[in-house]
Every structure is written in structure tokens, then in C-alpha cells.
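Can you build the whole structure from these sequences, using the hints too?
Chains as they are written, first to last, in this note's numbering: chain A, 2 to 198; chain B, 266 to 403.
Honestly, the hints are just simulated from the structure, not real lab data.
Among the clues, some could well be false.
[Stated by the list, open to error] Computed cross-link-like contacts, BS3-like style, restricted to lysine-lysine with a CA-CA straight-line distance of at most 25 Å:
| id | chain 1 | residue 1 | chain 2 | residue 2 |
| --- | --- | --- | --- | --- |
| 1 | B | Lys381 | B | Lys398 |
| 2 | A | Lys185 | B | Lys296 |
| 3 | A | Lys189 | B | Lys334 |
| 4 | B | Lys381 | A | Lys94 |
| 5 | A | Lys175 | A | Lys149 |
| 6 | B | Lys378 | A | Lys95 |
| 7 | A | Lys95 | A | Lys189 |
| 8 | B | Lys317 | A | Lys189 |
| 9 | A | Lys185 | B | Lys334 |
| 10 | B | Lys296 | B | Lys398 |
| 11 | B | Lys334 | B | Lys398 |
| 12 | B | Lys334 | A | Lys95 |
| 13 | A | Lys149 | A | Lys95 |
| 14 | A | Lys189 | B | Lys381 |
| 15 | A | Lys94 | A | Lys133 |
| 16 | B | Lys398 | A | Lys189 |
| 17 | B | Lys317 | B | Lys393 |
| 18 | A | Lys185 | B | Lys398 |
| 19 | A | Lys95 | B | Lys398 |
| 20 | B | Lys398 | B | Lys317 |
| 21 | A | Lys95 | A | Lys137 |
| 22 | A | Lys137 | A | Lys175 |
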Amino acid sequence: MKSKIIFSLLAALPFVIGGCATNAHYVETGGRENVVSVNQINIQDYIQAANAAVNDLLASGALDRVATPPAVLAISRIVNNTGQQIDTDLLVKKIRVAVLNSGKAQTTTTMGLGGTAEDPMAKGLQQENEFKSDQKATRTPDFTLSGKIIETTARAGSTRQSTYSFQLSLTDSKTGLAVWEGEKEITKQGTRPSVGF
Amino acid sequence: MKTRILLPLAGIGLLALTGCTTVNTVENADKQGQRQMITDQRAITDASLGRKVSIVGVNQSMTPGGLLKVQVELENRTRSLQRFNYRFEWFDANGMQVTTVASALLPDQIEGKESKFIFGVAPNPNCKDFRVKFIEAQ
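Next up, the structure:
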């Protein structure tokens with residue numbers, strides 16, 4: 002009799018613990034519950050790198066040294082030197098949003114590497130307006146933002162380590178000199194992916 | 266007798282495994298810089314973290330572009346490495362929170378008995394107040 006009761010209780014235990022819910026749930030992006038993988042760049046790494054870059058860039062006052070503020074920024078090449086296929090906008094967009102919201106700089110979407118505009122429609126309309134008014138409306142960017150993401154790996158026994166270096170340079174378009182440079186290194190170590198930091 | 270010997274050895278072994286490494290420092294005695302310390306208001310809900318990683322003081326300055334820059338000095342009161350997360354929150358003149366990438370949750374660590382600084386820069390010149398949150402790492 003006793004064993005029957007215990008058996009029934011044990012059988013009911015997984016349902017009590019697990020409930021009827023699925024394990025899918027929302028977590029805060031970049032929060033403590035995010036998955037941490039050693040061998041790839043996680044979303045919280047991009048957030049950390051962008052946070053460090055924005056803090057450092059705004060504190061430097063480099064964007065304030067223009068004749069007519071806010072400064073105009075053009076995005077140049079961000080080289081991916083990691084073994085992964087990544088979208089560098091995961092880093093760059095966060096920086097762009099932060100500098101725009103700071104009121105220190107605006108990013109052009111009609112100028113890009115190799116003459117490719119990020120927003121072709123805006124470029125077309127801008128050219129049309131310039132043609133109609135016979136006046137050049139385009140403001141030459143004061144600065145360009147370029148950079149590189151580098152991956153360095155190491156292994157000792159079953160422990161794996163990856164370092165991701167996020168390097169950024171802000172170049173004065175008139176002089177061609179880097180007026181601000183920032184680097185954020187993120188090192189992760191472990192044997193398998195885990196949740197949280 | 267055997268247990269008397271084994272017990273201290275086990276204790277030493279445990280200490281060696283947990284890695285009680287503390288930090289020695291040296292700095293200039295006659296300071297040239299003057300930190301503009303501010304009075305702070307604290308809310309400690311995690312006493313365990315508060316005991317381990319304590320807030321020594323907060324100082325602030327302005328960046329060349331007129332942004333508020335805040336620096337918090339922390340001290341690890343334990344003899345072992347402590348991991349924690351922190352987040353800067355920024356508020357405008359009306360007390361409304363300004364959320365940007367500058368409000369991200371950031372992981373950090375501090376060696377035993379070490380004193381270190383963390384800093385944040387306001388996301389725009391309208392930010393007048395701040396709050397820093399500390400959460401113990403998992």
C-alpha cells in the first residue's frame with residue numbers, strides 16, 4: 002500500500018515540477034539568461050563591444066571637434082577576421098543609434114563603400130533635388146568609421162578559450178588621420194556553451 | 266591522529282583549489298588629481314553581494330562634449346575573485362529614463378581585495394541623473 006502511494010507520488014512529480022508549460026520563454030537580450038558560447042560571438046558580446054566603443058567615443062570628445070555640429074559620419078569597411086559568418090551591423094548599428102541619440106553625429110545613408118548607398122532611394126531623391134535646384138545639397142562626411150573583428154582561440158585539454166577583438170577607428174576625412182581609436186576584447190572560456198554570465 | 270593531520274591538509278587543499286589570490290598595489294602618495302566625489306543613495310537588496318563587492322564611492326565629471334561621466338569605485342572585501350554584472354541607467358531632467366546601448370548589462374570581475382573602477386558616460390547631454398545596478402553573476 003505504502004509503495005503504491007510513493008510510486009504514484011513519484012510519477013506525479015515530473016508533472017508538478019515541469020507543469021504543463023513548454024520551456025520556450027522570453028529572455029532579456031544581453032541579459033544574464035542569454036546563452037554563452039565559447040566558439041562564437043553572442044549578442045551580448047556585440048552589446049558589450051558597442052557599449053565600450055560608444056562610452057569611449059563620446060568621452061573622447063572627438064565628434065565635437067567639427068565646424069558645424071553635429072558631425073556627419075560615413076560607415077567604411079568593417080572587416081570580419083573571424084571564422085564565422087557575421088553581420089557587422091550587429092555592432093555598427095548599435096554605435097550609429099547611440100551617436101545619433103547623443104546628438105553628436107549623424108550617419109549618411111546615401112554614401113557608402115564603392116559608391117554603394119545604404120538607402121538607394123534616398124540617394125536617388127537627393128540627386129533629383131540637387132538636379133532640380135542646381136545646388137549641391139550633400140554634405141561631405143566629417144568622419145569615417147572603419148574597423149575589424151578578430152578572433153583568437155586557444156585550447157588546453159578540454160578547456161577552450163576564444164578572444165574576440167573589436168577594433169574601431171574614426172578617421173577625419175579631411176586629414177585622413179585617425180582621431181579616435183577604440184578596442185574592446187572579450188574573452189570567453191569553457192568546455193561547452195552555458196547560460197548566463 | 267591520522268584525521269588530525271588529514272583535516273588541516275584537506276583545508277589547505279580546498280583553499281588552494283578555490284584560489285585565494287589577492288592584489289598588492291602601489292600608487293603615488295601625493296595625488297595631483299582631485300576626484301569630485303558625490304553623495305550617493307544606496308539600496309542593498311543582495312546583502313551577500315554587498316558584503317563581497319562593496320561600493321567605496323562615486324565621483325563624476327563632464328566630458329569635453331558636455332556629457333555626464335560617472336565613475337564608481339568598488340572593492341572586493343573577500344580574498345577570492347568575485348564575478349558580478351552591472352548596468353548604468355540614465356535619466357533626463359524630468360526623471361525619465363533614457364535607454365540606449367549605454368544601459369546594457371555588463372559582466373565584470375574583481376580579484377580578491379582588489380579595488381577597481383567602473384565608469385559610464387551619459388548617452389546624451391540631457392541626462393542629469395544616473396543609477397548603477399549590481400547583480401551577482403550566476
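Is the Cα-Cα distance between lysine 95 of chain A and lysine 189 of chain A 25 Å or less? holds, 22 Å
Given the hinted pair lysine 175 of chain A and lysine 149 of chain A, is their Cα-Cα distance within 25 Å? Holds, at roughly 22 Å.
For a C-alpha distance cap of 25 Å, please report whether lysine 94 of chain A and lysine 133 of chain A respect it. Violated. Lysine 94 of chain A to lysine 133 of chain A sits at ~33 Å, over the 25 Å cutoff.
Within a Cα-Cα threshold of 25 Å, do lysine 398 of chain B and lysine 189 of chain A meet the stated pairing? holds, 23 Å
Does the structure keep lysine 189 of chain A and lysine 334 of chain B at a Cα separation of 25 Å or less? violated, 28 Å
Quickly compare the C-alpha distance for lysine 149 of chain A and lysine 95 of chain A to 25 Å and report which way the hint goes. holds, 16 Å
Hinted pair lysine 185 of chain A and lysine 334 of chain B, Cα distance within 25 Å: holds, 19 Å
Pair hint lysine 185 of chain A and lysine 398 of chain B, alpha-carbon separation not exceeding 25 Å: Roughly 22 Å between the alpha carbons, so the hint for lysine 185 of chain A and lysine 398 of chain B holds.
Going straight from one Cα to the other, do lysine 296 of chain B and lysine 398 of chain B come out at no more than 25 Å? violated, 30 Å
Satisfaction of hint between lysine 95 of chain A and lysine 334 of chain B, Cα-Cα up to 25 Å: With Cα atoms ~20 Å apart, lysine 334 of chain B and lysine 95 of chain A stay inside 25 Å; holds.
Under the criterion that the straight-line Cα-Cα distance not exceed 25 Å, is the pair lysine 378 of chain B, lysine 95 of chain A satisfied? violated, 35 Å
Restraint check for lysine 185 of chain A with lysine 296 of chain B, where alpha carbons must lie at most 25 Å apart: Cα-Cα ~29 Å, so violated.
Checked against the numbered hints above, the structure breaks hints 2, 3, 4, 6, 10, 15, 17, 21 and satisfies the rest.
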